[in-house]
Structures are given as structure tokens and as C-alpha cells.
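**Q** Two chains, two frames, a set of hints: combine them into the complex.
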Amino acid sequence: MDIPSPAIALQGVHKRYGDFALRDVDLVVPTGQIMGLIGVNGAGKSTLLRLLIGLIRADGGSVEVLGQRLPEAQVAVKRSIGYASDDMRLYRGQTLRWHMDFVARIYPDWDEAYAQQLLTRFDLRAQQKLGGYSHGQRVKALLLLIFARHPRLLLLDEPTTGLDPVARGEVLDALAEVLRDEERSVLFSSHNTADVEQLADGITFLHRGAIVASSDKEHFLDRWRRVLCHGTAGPALASLPGIAAVRESAPLIELKTDAFDEALPERLRAIGLQIQSIEPMTLEDIFVTTVRQGASR
Amino acid sequence: MTDLLVLSNQSPTPMYAQIVEQVLAKIMSGEWPPGHPLPSIRDLAARSRVSVITIKRAYLELEHAGVIVTQQGKGSFVADRPDASRAVLMDEFRAQLSALAATARTLRLDTDEVLRLVDAALSEPEDT
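Chain order of the listed sequences is A and B.
Yeah, the first sequence ends on 297 if you go by the numbering used here, and it's all consecutive.
Yeah, the second sequence ends on 128 if you go by the numbering used here, and it's all consecutive.
No wet-lab data here; the hints were simulated from the structure.
We put the beta carbon where it would ideally sit given N, CA and C, even for glycine.
Each hint should be verified, as a subset may be incorrect.
Just so you have them, the derived chain A footprint on chain B, three or more residues with Cβ under 8 Å [as the list claims (entries may be wrong)]: (1) 12-20; (2) 25-36; (3) 40-46.
The shape of chain B in the complex, shown without the other chains (with noise of 0.2 Å):
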């Protein structure tokens, strides 16, 4: 079995939200090419033990972004839109960026600190 999402209920990161993180990561590694068919809504709650409106809710994110197509009663496609699943990404990057400076004012860091902290980060080698 294929397709299949790798889901977690112990995450912090909500239901709805790991699915669409996990079809743009098939979109933007080339997995899931432009026009690729997406699995059906029920054969995806089916095989990955999740309900059905979790599914549906996903998928109309990434159909609002722009990420996927839906063709009534043929099911959803990849968009022939490289950018959208780009520019989801760079929103949640943003909204990652500001829980950062949340927690940097509460910390009093100043501007120099934060950026070498940052600059720390993405030096270090990536799955650590």
C-alpha cells in the first residue's frame, strides 16, 4: 500500500494540519507530480484510520491554496502550480517565524542574539 499518510494522534500538530503538511511534502519532493491523482477522500480515511471530515477538511485547505484541483465526481488532482504548495509553506514558515519572536521578547534577546541563534540553526547538518 502506497499513498499512505503517516499520521500521528499524540502529535501537537492537529490532524487536518499533519495531511496537508504530508501532500505538500509528496508535492514538493516530485512524488506527486502536477495531475496526480489523489486518493479518494473515504480510501484515505479508510487506510489511514482517520475520520472522514478530517480528510475533507484537508483537502479544501489545500484546494483553497490553490495546491490541488477538484473535478466533481472524478476526485482531486495536483494543481499545475508549483508556487501554491511554495507559498503554503512560506505562510507556516511566517507563522513559525513570530512564535519565535513571541518567545525571544519574552526572553528579552535582542535583535543580534536572535540572529545568531538563527544563523546557528541552519548551519547545523540537517535530521538532527
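Excised from the complex, chain A in its bound form (with noise of 0.2 Å):
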């Protein structure tokens, strides 16, 4: 049996920006998965998605998207291809029913009964000039566009900033939507948490430039816990093995560990320490504890 082509493969990829580079940035999104991309501003997040879409190139590395090569096959990947970001511009004398007609035009993919659902679902009026819109309407008008093309990669630079927890909650359902078809991949960034965790199979960290994590949801919700215990912190709590983190206040002591396994609550006993609790962490708490473990090291 063929091995399907993953939706994304960067190996090495390399990008100088004045003073932002990308560094050595190997990823990998498997056909039929919706990536989580998290990162604070300025991590590269925009800069990695631009790559993908081949709207800029590569200084070295090689980008594969759909199992194609970019730049190369840069013309041929775009049509299969939805990419959304804030620097895109609709025109705002036109109507979005203009806009549909357009992208219709373009796309014989467009499908106009999805399209009609989303009207509804994102609460949009068609005859409407996209210049009367919210910056909320105006972004879920975006996703509409590029929802009802039935891309087979999506490929969504913080879709859910700056909107309101009503539209946030309906272009998630939208996106939950994506899953039920098999075929399709998503890669979406957000410097937002709780919508990563929610919905993504895999999720990656981007920090100044490079990935410091990547993972499946599950593996990497499993590994971290936050280890409350009774006992002081001697040299060797520092000496355990994945330890990512140890603040003290006597007589707790509380610990973050990135490798969690059934062994742990005995060694850390061994050493001394009594376990209060051992509690999963939020993507959120995980994502700032390795961001500010790679920052001290």
C-alpha cells in the first residue's frame, strides 16, 4: 500500500528577515490532521505560513506542500490550497455576494449550498458592502470564501483574533466541521491557547524562530503534569530528569515535568518528597513553562 504524502513536510527550512530569521524548522502535518500553530507575536508564525503558500521563499530547506515541491509547484498546490490572514484585503465597495461570484468563477470546487449554510451559520448578510462590515463579519466573510471552495489544505493565520466569543465560537464550528472529512488538513496558528486545544491533533510551538515542540495533542497533554509536594528541594530534585520547572514556598514545593511516567511519584519519594497532587496541565501553562525553560537555558 502507497504511503500517502503528508499535507506538509519542511525539512530544514531557513528564512532571513533583517533581523528574524527561521531556523532549521522541520514539520510535518500527516493528511487529514488540523494543526495547532502556537506562538507569541513575532515567533514566525505568519512567516512560516507565507512559506507554505509560497508567498515568499525559502532560504534553504525544502518545503513540500501536498506532496508537492515549492516554489516549483507553486501554481498547481495554490488552487488546492485556502489561505487566510489578517493583511488580506476584500473590496469594500463590493458586496459578498459579489465576492462569492468571484471565487466561484475561479474555483470549480465552489460549492454554493456550503456556501448558504455558512451565510447562515456566520450570520451574514450577502447584499451587504463588505465596508459596512465588523472586522469580525469582514474575517468570517474570508473564511466563507475560502470554506466553500472545499480546499484541501487550509491554511489559517490566527483566524479567531480579535473576534468576539460569538463569531470565535462559529468559525470553530465551522473548522470542527473540516474534520469530518478525512482528505482535508489544517494548519492553523493562534497565539491563543484554548482553540488549539480543542480542536487540534498536533500541536507546535514556534519560539524566535524555531519549533520547540511538536507533538500530538494526546502524547504531549500526557507528558506534562504540575507535581505538588511537601519536602524542600536539595540537589537532587535538580539532578531527576525532565524537570521543567521548581518553585518553592516551605514547605511546598511545586514542579513541572515534560516527562511524566508512573515512575515518577516513586523517585521523587526516594529523594524525599511527599506528593500532595499530580494534576495535568492547561496547553496554555505547558506552552509558557517551555517557552520560559528554552529562555533559561
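**A** In C-alpha cells form, the structure reads like this:
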């Protein structure tokens, strides 16, 4: 049986922009997956997405999208990609209907029935000129124009940023619908870990132009734990593997580990600590801890 | 829309564990009898707004515990083993008991006190 090529495969990708650089980026998004790309502003999320749509060219390394090499196959691949970012402009003087007809003429896969469903779901009026739309309505209009083409790969740059909670929910619902089709893949960036935590199969943390962690979400959440102990932190604690953060507030010690397994509690007891509680961590906490850990190395 | 799970990302229980719990509850209550088909992974993910990988993991755990069976290309079904669901919930109950025992030790409660409190909790009316 053929192994299907992943939706996205980056290997050793470099891109320098003045002071900023994407460094040695390796990233694989299997077909049918939703990958969440998390990073603070300026981490390089938008640069990474622009590389994938061929808007910019890597200085080095290989970029493969839907089994084809970029930038060579850029024209062929672009038809199958839906890309949305804040810097995309719609015509303010034209209605959403005008935009829908425009996209439908270019893309033969345009699904008018689905577009109508999305109009209702997003609570948008097709006959209104986009100049009169709020920011949230413009974001939803752009997503409608993309989703209704059924692209095989969605590249969404901060799709929920700046949306009110209701609009955010509508956009996440529409994104969840994409999950039904196992041939379709999504890479979406966000600095909001809650959005990513809910829908993503895979999680990638990007910080200062480098990938600091990337794995499937369940694995991620399984390996990280916050452990609260009674006792004092001696040198033995520092030598335990996988301790990402330690905070002391006598008589308590809080540990965060990215290598939790069944043996860890026993190891902690062996160095004289009494375990009070072991809790899973939110993705936000994991992200912040990972970034801080990187900064202190 | 039926068969939809009610999941919360605010809950301290991990998402996959909430799915396991709710599927078990449906089986134990008889709403999903043996042989009942489970929703497909992608359908359930889309309807509950949860990652595909999270649903897959929950289904795998249920499968390992013998609660459901998965037939290649056909999907998953409630297994003809009513004891399996019970066994999973008993394990869960034992895990909660050991957590309770740990807190009791921190509080230096003696066995009689713990038993008295457990007894009182058991005699509380349901839904409180």
C-alpha cells in the first residue's frame, strides 16, 4: 500500500528577514490532521504560513505541500490551498455576493449550498457591501470564501484573533466541520491556546523562529504534569530528568515535568518528597513553561 | 442530533477521559445496548468540536478495556460484555479511593473517622 504523502513536510527550512530568522524548521502535518501552531507575536508564525503558500521563498531547506515541492509547484498547489490572514484585503465597495461569484468563477469546486449554510451560520448578509462590515464580519466573510471552495489544505493565520466570543464559536464550529473529511488538513496559528487545545490533533510551539516542541496533542498533554510536594528541594531534585520548572514556597514545592511516567512519583519519594497532588496542565501553562525553560537554558 | 457528548474544556478531567466516562454512562444506563454502533470518530469529533485524535484515544481505551469492539471498515460497536464497563468504573472508583486515602493521611484522620465520613456521604441524597 502506498503511504500517502503528508499535507505539509518541511525539512531544515531557513528564512532570514533583517533581524528575524526562521531557523532549521522541521515540520510534518499528516493528511487529515489539524495542526495548531502556537507562538507569541513575532515568533514567526506568519512567515512560516507564507512559505507554505509560496508567498515567500525559503533561503534553504525543502518545502513540500500536498506532495509537491515549493516554490516549483506553486501554481498547481495553490488551487488546493485555502489561505486566510489578516493582511488579505477584500473589496470594501463590493458586496459579499459579488466576492462569492468572483471566487466561484475561479474555483470549479465552489460549493454554493455550503456557502449558503455558512452565510446562515456566520450570520452574514450577502447583499451588504463589505465596507459596512465589522472586523469580525470581514474575517467570517473571508473564511466563508475559502471554506466553500473545499480546499484540501487550509492555512489559517490567527483565524480567531480579534473576534468576539460568539463569532469565535461560529468560526471554530465551521472549522470542526472540516474534521469530517479525512482527506483535508488544516494548519492554523494562534496565540490563543484554548482554540488550539480544543480542535487540534497536533501541536507545534514556535518561539523566536525555531520550533521548540511539536507532537500529537494527547502525547503532549500526557507527558506534562504539575506535581505538588511537601519537602525541600535539594540538589537531588535538580538531577532528576525531565523537571522543567521548580517553584518553592515552604513547605511546598511545585514541579512541572514534561516527562511524566508512572515511575516519577516513586523517584520523588526516594529523594524525600511527599506528593500532595499530581495534576494535568493546560496547553497554555505547558506553552509558557516550555518557552521559559528555553529562555533559561 | 442525538448521541452527542457534552464535553467541557474547563473541566479538570481530560477531554478523552470525559468521552470515556460518557460512553460508559450510556452503556451502563442501557441507552447503548450490546451491538449498538458508536458514532464514527470523525462524525463525533465534528459534532462535539473535539480533535479527531482525542476521540481516537478514547475509543482505543474503551477497546482495550473490552467495552467496545472495532471492526475494520465497519466502525465500533458496544461489546457483548456488560461486565467490562463495570470493571472500568470500578478501577476509576479505586483510583478515587486512593486519592481520598492520601488526603485523609495528610489530615491525619483515623480509620473510624474516614469510615464515618464515607458513611455520611453515602447516605446523602443523590444529585447534591
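**Q** Against the structure, test the hints numbered earlier, and report the numbers of the ones violated in rising order.
**A** Result: hint 2 breaks, nothing else.
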